[in-house]
Amino acid sequence: MIGEHTEEEASLYVLGLLPPEEKRRFEAAMEANAELAELVGHLETGAAALAWTAPPRVPPPALRERIKASIAAGVTQQRTVVVPFRGIKTWIPWAIAACIAIWAGGIAFNRYHLQLLTNALLIREHNQQVEIDGISTIRNGLQDRLNATLARAISEGKLNAELQTQLDTVRGQVADLQARNALSEVKLATLASIMKDNPQAVAVVAWDLTSQRGILKTVNMPAAQPDKDYQLWIIAPDYKEPVSAGVFDPTKGANFAPVRPISKADKFAISLEKKGGSSAPQGPIVLVGE
Amino acid sequence: MGNVFALSDGYTPLLYSLIHAPATPSKLRMSETVPIEDASEAALLHRVAKGDSLAFDEVYRRWSPMLYGLVCKILDDPKEAEDALQEGFLHIWNKAGSYDAQRSSPTTWAYMIFRNKAIDRLRARERRGRGMERIAVEEPFQAAPMADPEDGAESNERRQVVKQALESIPPDQREAVSLAFFTGLTQTEIAERLGAPLGTVKARIRRGLMKLGETLKGKL
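Going line by line, the protein sequences match chains A and B. Mapping of the first sequence onto our numbering: position 95 corresponds to residue 95, and the numbering continues sequentially without gaps. Mapping of the second sequence onto our numbering: position 215 corresponds to residue 215, and the numbering continues sequentially without gaps.
Each hint can be trusted.
Taking lysine-lysine pairs in the DSS-like style, the calculated list, with each CA pair at most 30 Å apart, reads: (1) A:K274 - A:K252; (2) A:K267 - B:K50; (3) A:K240 - B:K50; (4) A:K68 - B:K50; (5) A:K264 - A:K187; (6) B:K217 - A:K23; (7) A:K68 - B:K95; (8) A:K240 - A:K228.
What the simulated footprint calls covered on chain B by chain A, stretch by stretch (three residues with Cβ under 8 Å from a Cβ of chain A suffice, anywhere in the stretch; the number is not a length): (9) 59 to 65; (10) 82 to 90; (11) 101 to 108; (12) 161 to 168.
For the record, the hints were derived by calculation from the structure and aren't laboratory data. Yeah, the Cβ is synthetic: ideal placement off N, Cα and C, and Gly gets one too.
Please work from the sequences and hints to get the whole structure.
Okay, structure coming up:
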């Protein structure tokens, strides 16, 4: 049986009105008393009624992405211990993140930890953007060359040795860009066909981890049936399921952005989905590569 | 749109092998066969606790307007409200496993998390010397349309239930509880603001919360 005094104490606890020492004592008592814990739940229901009086408001759209980025940053930060040393430009932001992690470690997952980490990563992102803007100009030039090469391959109806050479050249140039700017995470992937009736189909993906955007070009891809769409997927270690990068028209290629933040793109795949696409792959995979 | 791989397609196992080698479709969790839009709030929290980002997206879609509205009302500062919302959702992502369905409903659990995050910020602002610039308690119920019409009916129904519950308690209890919930004032400060003895204020808060909890049990 719980008396009025305890009910009063529980009410003040629910509203955060108990002084620290009394709060600790109350929590210890609650741990040992299921009836008291139940009373607290009952009072929380009453307190939450006040929350329902607040008019709902739509948060800024960018906030959702900020929250997702914070979660992704948490994942990335946990992986810093296995990232190899890649030069001074690369290790500085990781060192910042590591310092923050060490500092925060003593505070047992303090609520400010993720906030500070996010701030540090936002500063890093700002600094990188300056360099990436320059890289983007060079990459656009490469993109033009890639388009021209693929257009020639389309006119020839097959992926010939010349195209392969061109792709290798582009791949090498992207690698050079990466070497010149270690913070720019550009990945080039060639996706091979696994369609028995169309083994000549091929796709090339240029994926920029920093901007979370990419470019897709396809060759020898048959048009999708009227009720179907081709859909690009990114297979990333962050998620159990492939992440959608959107549907596209194989005659045009596409600029794409995944629906969720990606910390590392392991593989790319294209599937044939119902019109408008799916939230997870349901149709046959037609091309895959890394 | 369901988060389900088609099991009949010949190419699907290949994709599985790319992701979870040597996983097979038989390892799919049965819970994932429920379309995420139809999942209960408790089921979504369960999935978030397992790291399901799709479930987290759905939780954000359903709850962010009401939770953002709450932290805006407490903090009266858009920037701080955004920070509080971010902090609260990170808490949900990391601590969804601590939700206890025996103790409260998912929305009550979430509301109390975000309320406490916002009050912590309000008190920190006070410590920084800016003061609690907004401590006037508004009328306890303000109708406002939900941002997403899909969720409007259910939420408006809950708001109506809450409105009736709040109207069922005496005004002095409602005032004391509202002041305590939204402003972050201490017991003594609440008593001073209401011009009532501390013991009386504590009693009003207790009676008000007990009555509200009793009226709303199982309804939120």
